[in-house]
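Protein sequence lines, in the order shown, are assigned to chains A and B.
The opening position of the first sequence corresponds to residue 1 in my numbering, with each subsequent residue numbered one higher.
The opening position of the second sequence corresponds to residue 1001 in my numbering, with each subsequent residue numbered one higher.
Among these hints, one or two may not hold up.
[To be verified] Simulated pairs of lysine to aspartate or glutamate, DMTMM-like, Cα-Cα distance not exceeding 20 Å:
hint : chain 1 : residue 1 : chain 2 : residue 2
1    : B       : K1132     : A       : E46
2    : B       : K1202     : B       : D1130
3    : B       : K1005     : A       : E118
4    : B       : K1005     : A       : E143
5    : A       : K311      : A       : E46
6    : A       : K202      : A       : E329
7    : A       : K42       : B       : E1318
8    : A       : K5        : B       : E1318
9    : B       : K1042     : A       : E134
[What the hints assert, rightly or not] Far from chain B by the CB rule (all over 12 Å, computed), these chain A residues:
hint : residue
10   : I10
11   : D75
12   : L116
13   : L138
14   : D206
15   : I259
16   : L330
No lab work stands behind these hints, which were simulated from the structure alone.
We put the beta carbon where it would ideally sit given N, CA and C, even for glycine.
Number of protein chains: 2
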Amino acid sequence: MKPKKYADIIDVANQAGVSPATVSRCFNHPDKVRPDTRRRIKTAVESTGYIRNRAAQAIHGRRSGTVGLIVPTLDNAIFSNLIQAFSEQLNASGFTMLVATHGYDLDREYQLLRSLLEHRVEGIGLIGLDHKEETYSLIERRETPSVAMWNYRPDTRISCVGADNYEAGRMIARHILDIGHKRVALVFPDIEGNDRAAYRLKGVQDVFDEQKIDVPKNWHLHTPYSIKHARRVCTPLLSSEDKPTAIIAGNDVIAQGVIYAAQALGFKVPNRISVAGIGDFSGSAHLLPSLTTIRLRSNKVGQTAGMILDKLINGDQENHIERVAIGVELMQRQSTAHPFT
Amino acid sequence: MKPKKYADIIDVANQAGVSPATVSRCFNHPDKVRPDTRRRIKTAVESTGYIRNRAAQAIHGRRSGTVGLIVPTLDNAIFSNLIQAFSEQLNASGFTMLVATHGYDLDREYQLLRSLLEHRVEGIGLIGLDHKEETYSLIERRETPSVAMWNYRPDTRISCVGADNYEAGRMIARHILDIGHKRVALVFPDIEGNDRAAYRLKGVQDVFDEQKIDVPKNWHLHTPYSIKHARRVCTPLLSSEDKPTAIIAGNDVIAQGVIYAAQALGFKVPNRISVAGIGDFSGSAHLLPSLTTIRLRSNKVGQTAGMILDKLINGDQENHIERVAIGVELMQRQSTAHPFT
DNA sequence: AATAACAATGCAAACGTTTTCATTTTGTGT
DNA sequence: ACACAAAATGAAAACGTTTGCATTGTTATT
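Construct the complete structure from the given sequences, taking the supplied hints into account.
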């Protein structure tokens, strides 16, 4: 006699004196079973310690109750707001979130997508719009509801919700030029496989080109996403004779590194040098000096993405694509000012 | 004729001219099928676009290939290192991670645990040791391999790996007293449902008691986890006539807020006031002044937790409990110094 | 009170795999 | 070539649910 490990739906049914079908209905369509019966089943569930098996219901072609999220990394503040908001929104709709990280490796991303599909996620959240052709075509082939977060464009292959990063770049560039700077350096992350950064940079450069402002090659710095690296990479530039009067950073964390580099060398910000970021991370408003940046409202992005995904999954429109642009906004604070002369 | 939506294992089998059983084996025990057959199956998989159904295999009492993680929130830097390391480690062992957040609500945590068990996760990661009795007993009843991260104690009901937060509190308190401070304020998060903070605070207070140092009630501040709130809550204290010479913060983010509060009022750190944190978050070393804190090595915690969970799941020891303490370390930096006299 | 309409329940067939056991194929030693 | 062991494969039963259809129980209508 093999003692079964855990109660299944049949044990519950026996205990309650009904058929398994009724127990199942009691979970999935409670209105279809008599309150009295429902109560008896509830008691049986408790006394047996039954926990339903989602796998068994997922197999039925029915809902798995999961949604997949693929992000480059969980390790930094950029995505945490976003993910939290996304997760909460989907939780509210009854989904559990499967998360996978690829470390900015798009081949890996494709593998993770496959893995999530094996788990029969009902929808997929991605970051950005830069993905392998295989990734896009797999999504299309399986007709998996998907939403790309963080970047908006009007011509995407899948639904997207995000800030217009290009506009964010333009906006911060205009601000810097508006307040009179002509000698500006740029500190950006590597744009390889990172369309968010690429669009921002493009926006900045287009404005500069339009205004005939030239950024010398060696004022064009690259740094990984960290205060430490940003600080290190800026120090030589700021120590040189021929300094810029302003620095635009690809995001707020980098901007923070830049500010520290300047302060460590004894340059007051913004008196001697202006620094601007992009992103308006929590904390940016409370730095000293508070950081001029572009607000991207990542939690709004995450929340909206969650809502859209829910709609795509539960809605009736097949293969519908929805695109939402979340407005960007200049947060003018203390870290930028007219150039020192 | 109903056109089936997606290829299943039978389609693949037909295409390859073998039985479904062989296809299944080809995935799960590749060494048991001839290389030649394997190749034919591979081709068939590709041409049909087959993606295996984990739910169907999970139903077989076999592995679901998922591990659950329950955290208070994804929204802040505290956990991101930890989660990232945990996730990567488990990924390497072939698991996908199901993540759920409860916002420091332990009732919610219990619900999430149930939900994850419905998905038949093979293991569970939790944060901290403060959980409802129901949560513990459900885990024990289902014999689900579990590991609590972030806090170490020698007498836990489930496996744990983490820093000794009590010792961390003692360590930073000793440092502050060692360098000569006698007038110290404490700024901590609410310890309700947050055993990490509770242990740290206990450690600090025990050292103070041993050394007969008294902290007046009103030097005992509470703040949510954010730079903004920390800064705000400290400002009145620092503006008053009767100021402390040092402040110990419950974690580095709060410490950063404290430093900004001081600097905004024109008090140099550490000259006029010393500030210490706990955690050594990425970035803490690069603040100005760099922050004296206790290094907790969260990525080590996450990684170790992942390894332990893998071992608990795949190992042969039933109901084994493993406990690992990750050492803490004083990082003495610029934000603390002898009191100004 | 008889019947129609409807609500509640049960039966049994699916869902897509894995696995045990039996069978067939392949390889080895003579 | 032959016998035999070993390896590869197939057939079919399981896994724990859901659901269409049939059946039974209940209420409303006359």
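> Looking back at the numbered hints, which does the structure fail to meet, lowest number first?
Replying inline: Checked against the structure, the hints that fail are numbers 5, 7, 11, 12, 13 and 15, while the rest are satisfied.
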